[in-house]
Amino acid sequence: MKPALILLLILLAAVPYLAAQAEPTKYFLPENILRFAESLYQEGDYLRAAGEFQRYLYSFDALPDKADAIIYKIGLCYKKGNDFEKSAATFRKLLDLYPQSPLAPDSYCEIGYSYFLMKSYDRSMAFLSTPMSFNPNQDLSLKVLQLRGLNYLYKKQWNAAAAYFHSLEPPAKKNSLTQTLLNFSEEGWRLPRKSQFLAGFLSAIIPGAGKIYSRRTADGLASLVTVGLTAWQAYEGFHKDGVHSTKGWIYGTLSAFFYVGNIYGSVVSVNIYNEHLENALLEKIGIAIHVAF
Amino acid sequence: MWPFNKSASFLIALLMTAGGQAQDLALNLAEKFMAAGEYEEAITEYKRYIFFHCEDDQADLSDVYARLGLAFGNAGRWNDAVEATEKSAQTARGEKTRDERKLTLAAIQISSKNYSAAKFLLLKLEMYSSDEDVRKNAYFLHGVCCLYEHSWTEARLTLDEYFKYNSGAAPASKKQDIDSLLEKALLTRAKSPSLAKWLSTFLPGAGQIYCGDWLKGLNALALNAAIGYLIVTDLQNKQVQDALFNALFLFQRFYQGNRTLAENAARQYNERYHRQWAEKILNVLRER
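Protein sequences appear in the order of chains A and B.
Per the working numbering, the first sequence starts with residue 1, numbered consecutively.
Per the working numbering, the second sequence starts with residue 1001, numbered consecutively.
Simulated from the structure, these hints should not be mistaken for laboratory data.
The structure displayed is predicted, hence computed values, not measured ones.
Hints should not be assumed to be uniformly reliable.
On the chain A side, residues computed to face chain B include the following (Cβ under 8 Å) [to be verified]:
hint, residue
1, P24
2, T25
3, Y27
4, F36
5, S39
6, G51
7, Q233
8, L281
9, K284
Note that beta-carbon positions come from the ideal geometry of N, C-alpha and C, so glycine has one too.
For reference, chain A alone in the conformation it holds in the complex (with noise of 0.2 Å):
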């Protein structure tokens, strides 16, 4: 009788792990689909976890408490994982579902950002001005009044930044923040930008002048020579056969061609050297607002 009580006694206490083994992983329980989408998203997997956290959404026949949370997570994975035409809609969908809800004022406040990082500087100008269904701390009001004027800094209008930063009231203008862009935007206002006319007018002066002038020296002195010398070519032409020098019309005809060029190439150039300040600046103030948001 004892080794057959031993057996059973064995045979008992292995119950419990055999039951264990055989019984399958339910994985597509909610709570076991949401710590799956947590895990993804910690990962840095935002727009698979984006896709969890639905489904976890989908789980339940109405939507579970808490639903607001999930769904502003899927709106930060969207934003995490630059598609933010989703992100916003997602934001917008917590702000039609859970006016009321805790985090109503942060997904306004991302909706905004969202169409700012799709440099849809109009459309997040215009959500932003739409009145608040909440209303909204301290913070958040400055966040967003700080958004707003960054609209107008991407824009690249600087005076309107300007000066939308100074009509501001404390303490929203005493924010460091708010000090830094005012100075970004006085900084925009004042770079030394060349001008489109002056180049024109130059490189039809002197051909190449223009491009010196923004800062394309090896550029211009091949105007000033490649037009110069089609030019001399198509006065020995002239000078020599008269006006009907076949020679003197096909080089004075190059030289036409490349002297409207030196104009319009000047022209461009300084577009590209005043853009290239620009986006210098830009590069900065990027950097200096990606902590704030």
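Position chain B against the provided structure of chain A, taking the given hints into account.
Frame of chain A; chain B shown alone:
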């Protein structure tokens, strides 16, 4: 050269065996997605399995990581594919399985054009793996890698080793076919870019003709001859300024262009010719 997805599938299919744990729901789903070509969905399911079994001693995560690597590879995400397959090798139970995973890793590296990393890994397997099958496959992949790199001599040496291991299975005619193709590839002389350049330096267009591009060669010859004639005529008429102008603006541009184009023509010819030979040999190997 094959399109990369095709070559990746070919190389990996040679080495991979179907997943052996497909009774699990997540793995079942993953396999179905893989079969349907829905690689992103398959990746999600493999990741789900790994997440829920990472602390399960019974689960063979190595196999799942290998399948995940394959899914990443098929989705064209080579870095992720390498990372997953490396994990597969690290978590493998037993030396043979670990070496097989390393072979898969080498195949992925070849598919992502990371030939030096693949060769380094394959060399280690050739030297240190205790399993004959692994060594055989390592030689095979090494040979394929050399073919992609157009290193015919090295390809021949490694494929010779592969056929030594495979003497029973592969028909002798196949080895002969490959040997003869490699011999031809070795003997067919490629065009020298520097010779093409020098030929076009002495006679414009000659370099292009040397590379078999008669049309461009004759065009370069005609253009440079016409400009040269203009310059000589100007000099004969003592129009030194005109001659200088034509020499500086026209001759210089077209003459230099002709030399550079000749060099490029030789390089393009070589690339075409190497690719043709590599494709022929790979076609024979594909029938493995």
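Cross-check of the supplied hints:
Because the beta carbon of A/P24 sits about 6 Å from the nearest beta carbon in chain B, less than 8 Å, this interface hint is met. Below 8 Å, beta-carbon pairs count as interface contacts, and A/T25 has one with chain B at about 5 Å; its hint therefore holds. Interface hint status for A/Y27: upheld, as the beta-carbon distance to the closest one in chain B is roughly 5 Å, under 8 Å. Taking 8 Å as the C-beta cut-off, the interface hint given for A/F36 holds, the closest approach to chain B being about 5 Å.
The restraint placing A/S39 at the interface with chain B holds, with a minimum CB-CB distance near 5 Å, inside the 8 Å limit. Taking 8 Å as the C-beta contact cut-off toward chain B, the hint placing A/G51 at the interface holds, the least distance being around 7 Å. About 6 Å separates the beta-carbon of A/Q233 from the nearest beta-carbon of chain B, less than 8 Å, and the hint is met. With a least beta-carbon distance of about 34 Å to chain B, the hint placing A/L281 at the interface is violated under the 8 Å criterion.
The restraint placing A/K284 at the interface with chain B is violated, with a minimum CB-CB distance near 31 Å, outside the 8 Å limit.
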